[in-house]
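Peer 1: Here are the chains, one letter per residue:
2 protein chains.
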Amino acid sequence: MYLHGRNVLKEILNLKYTLKIKRVIFTDQKNTDTGLMKLRKMTEERYRVDILSPQELYNLSREKKHQGVVIELREFPFFDYREIIEDNKDKKNSLIIFLDQVQDPHNFGAIIRSSVACGADGIIITERASSDVSPAVIKVSSGLAFRIKISKIPNLRNVLKKFQESDYWIYAAGMEGKNYFDESMPERSVFIFGNEGQGVRRLIKESSDEIISIPMRREVDSLNVAASAAVLLFEYSRQMYKKS
Amino acid sequence: MYLHGRNVLKEILNLKYTLKIKRVIFTDQKNTDTGLMKLRKMTEERYRVDILSPQELYNLSREKKHQGVVIELREFPFFDYREIIEDNKDKKNSLIIFLDQVQDPHNFGAIIRSSVACGADGIIITERASSDVSPAVIKVSSGLAFRIKISKIPNLRNVLKKFQESDYWIYAAGMEGKNYFDESMPERSVFIFGNEGQGVRRLIKESSDEIISIPMRREVDSLNVAASAAVLLFEYSRQMYKKS
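Just so you know, the protein sequences line up as chains C and G, in that order. If you read the first sequence in my numbering, its first letter stands for residue 1, the second for the next number, and so on. If you read the second sequence in my numbering, its first letter stands for residue 1, the second for the next number, and so on.
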């Protein structure tokens with residue numbers, strides 16, 4: 001896949017691990033700014049660099065605003081969900097996000113960004129009917145998709161059970177749930193968000209420990225899923241801060 | 001401007017006031033569902049209805065997913081900011097959102113949706129360098145753009161002053177500000193959000209009473225502006241709920 005943009009490249013260069021990057025392609029335009037030259041120098045130390053024309057960069061990325069940088073990535077590095085459980089099994093506070101078929105890349109990217117911002121430990125998505133971690137999603141996440149372990153799984157219910165066994169409390173977001181204003185959230189919490197059309201699926205809700213809702217004015221059906229996620233994830237952060 | 005979609009039309013039909021609608025155009029496709037037929041009947045009671053082919057609906061709206069409904073609106077109904085002040089001058093709790101040059105229609109639409117959901121009393125945007133209330137914005141807002149008074153003004157600072165004089169506390173969102181976890185918000189509050197690139201402009205910040213920030217992990221520059229707005233607006237709602 002082809003990624004683009006300077007922020008995404010900066011994120012990649014800041015990672016502690018090495019991505020499966022085939023090459024990073026810079027523009028051959030003369031008189032580019034020193035920022036880009038610096039970035040190219042840093043990139044050359046770790047990855048193969050090619051130089052092509054702006055038009056060729058556009059042809060690869062299909063994106064006009066490539067900012068002189070296109071990154072050819074072999075594949076997005078998904079993690080095994082068991083690794084996420086293992087990483088966090090002894091932590092007092094741990095926050096995990098499950099996405100039940102969130103399909104809109106803009107929402108998915110924004111949820112990744114909020115998750116990283118509030119220090120979440122992992123994101124679990126379904127293999128089927130979910131937005132993949134596409135170039136558009138990585139762009140909207142400002143490259144932060146590489147900063148959090150994302151796992152893609154076939155069966156959400158089975159994996160939910162594993163998190164329950166690892167002492168997580170499982171919240172599913174849903175209008176019929178308990179008002180989060182009155183909720184005291186456990187230190188180890190999972191939040192499940194569903195897609196815009198149908199929300200979290202019934203069977204997934206039934207596998208959860210509790211349904212939680214954001215109170216809103218009667219005439220509003222629901223919040224945008226990325227807004228809901230931001231509200232509940234930062235409420236979790238706020239409560240942990242108040243406890244500490 | 002041409003709007004489309006059944007949810008947007010339903011929102012319009014539920015309004016207590018009459019919009020400047022030239023006509024509502026329905027598809028002439030046979031065997032449409034009863035939901036659409038019902039909607040057409042309700043529309044005919046208040047607005048002019050035309051019937052055209054699905055292709056013609058597409059030609060007008062430039063949108064494939066028009067759902068058999070296109071609405072021709074003369075203009076979006078903006079309000080005078082003085083009306084917003086007047087409406088709320090005797091209310092104990094009042095929440096107003098200022099947007100300082102928010103340009104992305106997706107973000108603007110999501111902010112409208114969150115604002116209506118948490119019961120805000122108005123949104124003020126700048127005439128210049130802001131996303132207008134376009135068909136795309138109205139779509140992302142799920143038609144809720146008609147549910148809140150939106151005012152478009154040339155000079156943010158002058159109008160901020162008027163809200164200050166009407167006993168509002170003015171918060172500007174900014175990374176350098178006070179952690180909102182520690183903030184006790186006044187019943188009458190204004191929140192200003194800036195655009196993704198530069199945030200709230202310096203002069204606007206200087207005209208505010210306080211800068212407020214969402215604490216986040218070091219490697220994250222900022223949240224998406226729609227996510228930030230959702231977090232702070234619902235925190236205001238939560239605090240009002242706890243006080244009541």
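Take the hints with a grain of salt, since some may be wrong.
Heads up, the list lumps identical chains together, so a pair's fine if it works in one copy or across two of them.
Stated by the list, open to error - With a Cα cut of at most 27 Å, we get these calculated BS3-like pairs of lysine-lysine:
1) Lys139 / Lys65
2) Lys152 / Lys64
3) Lys89 / Lys38
4) Lys162 / Lys20
5) Lys242 / Lys65
6) Lys243 / Lys178
7) Lys30 / Lys10
8) Lys242 / Lys10
9) Lys92 / Lys149
For the record, the hints were derived by calculation from the structure and aren't laboratory data.
Peer 1: Now look at each hint and say whether the structure bears it out.
Peer 2: Hints and how they fare:
In this assembly of identical chains, Lys139 and Lys65 lie within 27 Å of each other by CA distance both inside one copy and across copies; the values are 11 Å within and 25 Å between. Within a single copy, Lys152 and Lys64 get their C-alpha atoms no closer than 30 Å, and across copies no closer than 31 Å, so neither meets the 27 Å cut-off. With identical chains, the CA atoms of Lys89 and Lys38 are never at most 27 Å apart, being 40 Å at best within one copy and 55 Å at best between copies. In the homo-oligomer, the alpha carbons of Lys162 and Lys20 never lie at most 27 Å apart, since the shortest distance is 29 Å inside one protomer and 56 Å across protomers.
Within a single copy, Lys242 and Lys65 get their C-alpha atoms no closer than 42 Å, and across copies no closer than 46 Å, so neither meets the 27 Å cut-off. Proximity of Lys243 and Lys178 under a CA criterion of 27 Å is satisfied in both settings, with 21 Å inside one chain copy and 19 Å between copies. Taking CA atoms no more than 27 Å apart as the test, Lys30 paired with Lys10 passes inside one copy only; the shortest distance there is 21 Å, against 55 Å between copies. Taking identical chains as interchangeable, the C-alpha atoms of Lys242 and Lys10 are never at most 27 Å apart, the minima being 34 Å within one chain and 43 Å between chains.
In the homo-oligomer, the alpha carbons of Lys92 and Lys149 lie at most 27 Å apart inside one protomer (19 Å), although the nearest pairing across protomers, at 45 Å, exceeds that limit.
Checked against the numbered hints given earlier, this structure breaks hints 2, 3, 4, 5 and 8; the rest are met.
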